[in-house]
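J.: Sequence:
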Amino acid sequence: ELWLPEDVPAAAPAGFLQQLPSYQSALRRRAGGSRERRAGAQGSAGLRAAEPRGPEQRGREPVAQPAREQPLSIAEKRRLRDCQQADTKYLSGWKQWKRTSSKSLKKVLSEAKELSSYLELWRRDIHSIEGKFGTGIQSYFSFLRFLVLLNFIIFILMFSFVTLPSIISKYGIFNSSVAKVPPKNTEPHCTVYKPSGNEGLVYFYTYLKDLLSGTGFLEVTSLFYGYYTIDAAWLSVLSYNLPLAYLLATFAYLALSLLWIIKRSVDGFKQNLVHGEDQFQSYCNKVFAGWDFCITDPNAAQLKHRSLLYELQTDLEEERLKRKIADRTMKEKLRIYSLRIFINIIVIAVLSGCFYSIYRATVYSQENSNVSIRHDIRTDTIGAVQYLPSIVITLANFIAPQIFSFLIRFEDYSPAFEIRLTLMRCVFVRLANIGVLLFSLWSHISGCDTDKCKACGYNYELYPCWESEVGQEMYKLMIFDFIIILAVTLFLDFPRKLLVTHCSCKPAQWCGLREFGISDNVLEIIYGQTICWIGTFFSPLLPAIATIKYFIIFYIKKISLMHTCKPAARPLRASSSNFFFLVVLLIGLVLAFIPLGISIAHISSSKACGPFRSFNTSWAVVPDTVRGFPAGLQQVLHGIASEAFAVPFFMV
1 ELWLPEDVPA AAPAGFLQQL PSYQSALRRR AGGSRERRAG AQGSAGLRAA EPRGPEQRGR
61 EPVAQPAREQ PLSIAEKRRL RDCQQADTKY LSGWKQWKRT SSKSLKKVLS EAKELSSYLE
121 LWRRDIHSIE GKFGTGIQSY FSFLRFLVLL NFIIFILMFS FVTLPSIISK YGIFNSSVAK
181 VPPKNTEPHC TVYKPSGNEG LVYFYTYLKD LLSGTGFLEV TSLFYGYYTI DAAWLSVLSY
241 NLPLAYLLAT FAYLALSLLW IIKRSVDGFK QNLVHGEDQF QSYCNKVFAG WDFCITDPNA
301 AQLKHRSLLY ELQTDLEEER LKRKIADRTM KEKLRIYSLR IFINIIVIAV LSGCFYSIYR
361 ATVYSQENSN VSIRHDIRTD TIGAVQYLPS IVITLANFIA PQIFSFLIRF EDYSPAFEIR
421 LTLMRCVFVR LANIGVLLFS LWSHISGCDT DKCKACGYNY ELYPCWESEV GQEMYKLMIF
481 DFIIILAVTL FLDFPRKLLV THCSCKPAQW CGLREFGISD NVLEIIYGQT ICWIGTFFSP
541 LLPAIATIKY FIIFYIKKIS LMHTCKPAAR PLRASSSNFF FLVVLLIGLV LAFIPLGISI
601 AHISSSKACG PFRSFNTSWA VVPDTVRGFP AGLQQVLHGI ASEAFAVPFF MV
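Residue numbers for the sequence shown follow the UniProt record's numbering, so the first one is 1 and each next one is one higher.
Treat each hint with caution, since some may be false.
Okay, derived cross-link-like pairs now, DSS-like style, lysine-lysine, Cα gap no bigger than 30 angstroms in a straight line [claimed, not checked]:
#1 Lys506 to Lys132
#2 Lys304 to Lys558
#3 Lys286 to Lys113
#4 Lys263 to Lys107
Taking CB as the label site, the calculated pair distances span [unchecked claim]:
#5 Ser446 to Ile346: 33 to 39 angstroms
#6 Phe551 to Lys103: 36 to 42 angstroms
#7 Tyr118 to Phe217: 41 to 47 angstroms
#8 Phe342 to Leu321: 19 to 25 angstroms
#9 Phe650 to Glu114: 48 to 54 angstroms
For the record, the hints were derived by calculation from the structure and aren't laboratory data.
Where a beta carbon is used, it is the ideal one built from N, C-alpha and C, also for glycine.
All chains, full assembly: derive it from the sequences and hints.
T.: Dropping the structure here:
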């Protein structure tokens with residue numbers, strides 16, 4: 001809001017005028033004044049060139065650039081528009097129709113884009129959050145919306161090409177039939193698979209346990225890999241190769257995720273370049289060109305006002321920190337560097353403790369599971385031991401970021417760098433936890449001591465359908481991650497809010513409300529998305545669960561932000577955070593390629609379940625399909641798959 005005094009002086013003091021940003025900007029550009037005058041003369045010449053032309057100039061198409069895009073005043077733009085309209089009558093009928101059609105198409109596309117913006121998911125909610133808490137927190141909710149849409153599209157892809165054909169063919173819908181090819185050169189004991197389905201009288205808590213672990217009645221559903229035992233589906237005269245479709249759908253969702261993330265990262269990188277300009281120019285852009293004059297709603301105007309306020313606060317905070325760093329004495333520098341070294345030693349110790357705990361929990365769980373299977377022991381204690389890796393991983397993922405967020409306050413970094421450093425530390429914890437779990441599972445899956453086991457290529461006694469076992473582990477990690485997020489909001493943040501609000505004692509007031517940490521929340525969803533990318537191959541419907549999970553998390557986090565948490569003391573700029581969030585998400589996707597590549601190309605596929613029962617590995621379906629192509633097409637595909645083509649292609 002601007003306050004105008006009643007008695008406005010006729011002229012402002014010269015000293016005051018010289019402090020205005022516009023005067024400083026004029027000083028910077030004074031050196032290029034002659035060049036600007038030459039450019040202005042050229043602009044006037046261009047305007048004169050747009051005068052109505054005579055019949056001798058007919059057939060020439062006028063300047064295609066609209067008048068509103070020209071760097072001219074309103075009066076000159078109107079004059080230029082009249083000139084362009086006058087030139088239209090000298091064009092041929094074809095060019096007139098072409099120009100009119102182009103304008104109509106642009107108008108239709110603009111209106112369609114405007115209409116689609118109203119259909120955007122959580123549009124009003126995110127704008128409200130941006131106005132109340134700034135663009136930094138708004139970037140988190142926009143990132144969450146992106147993952148909801150990404151997982152929904154992945155679910156549509158897997159359901160359409162994998163789950164739906166299996167359901168249609170199994171139930172004979174549309175006169176479809178099923179073709180099952182028995183595995184060749186496979187020992188009979190390798191094909192035995194008895195899912196742990198519930199039989200007889202089942203207690204309620206058993207269903208609850210199965211719902212949390214993916215075992216029991218869920219193990220035999222389309223949620224997991226073992227359900228898809230069809231080799232081909234026939235619909236009338238059309239044949240559908242399910243193993244090939246399963247593998248190609250996996251490659252498709254990984255490629256879709258990669259391209260979409262790269263596209264958004266490029267947009268964020270462009271914004272980073274724009275916002276990385278001179279601070280003075282950035283300030284002028286916000287103050288003089290930051291307002292949206294299309295806003296007519298008072299509430300929207302208030303939200304935009306708050307958003308600009310938070311942006312200016314962020315700039316001032318960064319400038320304050322830069323000045324503080326520049327004014328440090330040698331003694332202060334030695335103190336802060338020594339403190340950072342000590343804190344990093346603590347961080348390394350925390351990381352080592354997390355890795356060792358997960359390793360020991362996984363080894364203990366696998367050893368006890370092996371003993372129970374060999375002696376046919378089925379107890380609730382053994383069932384609890386099977387959940388031990390997921391529980392330890394979830395606790396490590398919850399405790400370690402809290403420690404890192406507490407320690408980063410003493411290192412005296414800028415808000416943006418605090419977010420990045422905390423994220424990178426937590427990334428090592430969460431993604432390495434998944435790697436430790438998968439490495440332990442694969443070591444037990446591939447470990448064979450007997451000739452019967454070596455004949456199958458994997459430990460068939462403990463893991464008759466090892467893909468479903470891995471899918472169940474990914475399912476448990478996702479469910480436990482969601483439970484922790486919900487429990488923290490209900491049983492930590494909400495009671496803390498009540499305590500601070502209704503208790504005036506000093507400890508409660510000193511504790512205060514919990515800050516809405518952007519780094520912790522972003523890492524939660526990146527960790528869950530990495531689990532989804534890895535687990536979708538072993539559990540094709542896992543993206544549907546991830547979509548529902550993130551949809552609910554949006555409202556949980558919104559309620560938590562509005563009612564039980566407070567925004568960060570240091571505002572965060574969204575332009576840099578958006579780009580960095582996507583870079584960390586891209587790291588998670590690249591790391592997801594490694595376990596999926598090992599599972600598809602290296603480990604022998606299960607001979608008792610799944611669409612790849614007839615192949616040594618999942619990748620073997622590709623050369624088997626290529627051998628059925630014509631000889632010329634085979635040569636082309638072999639050339640594309642050769643190192644001479646593949647290595648430069650992937651480098652690019």
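J.: Evaluate each hint against the coordinates.
T.: Going through the hints against the structure:
no. : hint                                 : verdict
1   : Lys506 to Lys132                     : 28 angstroms, holds
2   : Lys304 to Lys558                     : 19 angstroms, holds
3   : Lys286 to Lys113                     : 25 angstroms, holds
4   : Lys263 to Lys107                     : 26 angstroms, holds
5   : Ser446 to Ile346: 33 to 39 angstroms : 37 angstroms, holds
6   : Phe551 to Lys103: 36 to 42 angstroms : 40 angstroms, holds
7   : Tyr118 to Phe217: 41 to 47 angstroms : 42 angstroms, holds
8   : Phe342 to Leu321: 19 to 25 angstroms : 21 angstroms, holds
9   : Phe650 to Glu114: 48 to 54 angstroms : 40 angstroms, violated
Against the hints set out earlier in the document, a violation occurs for number 9 only.
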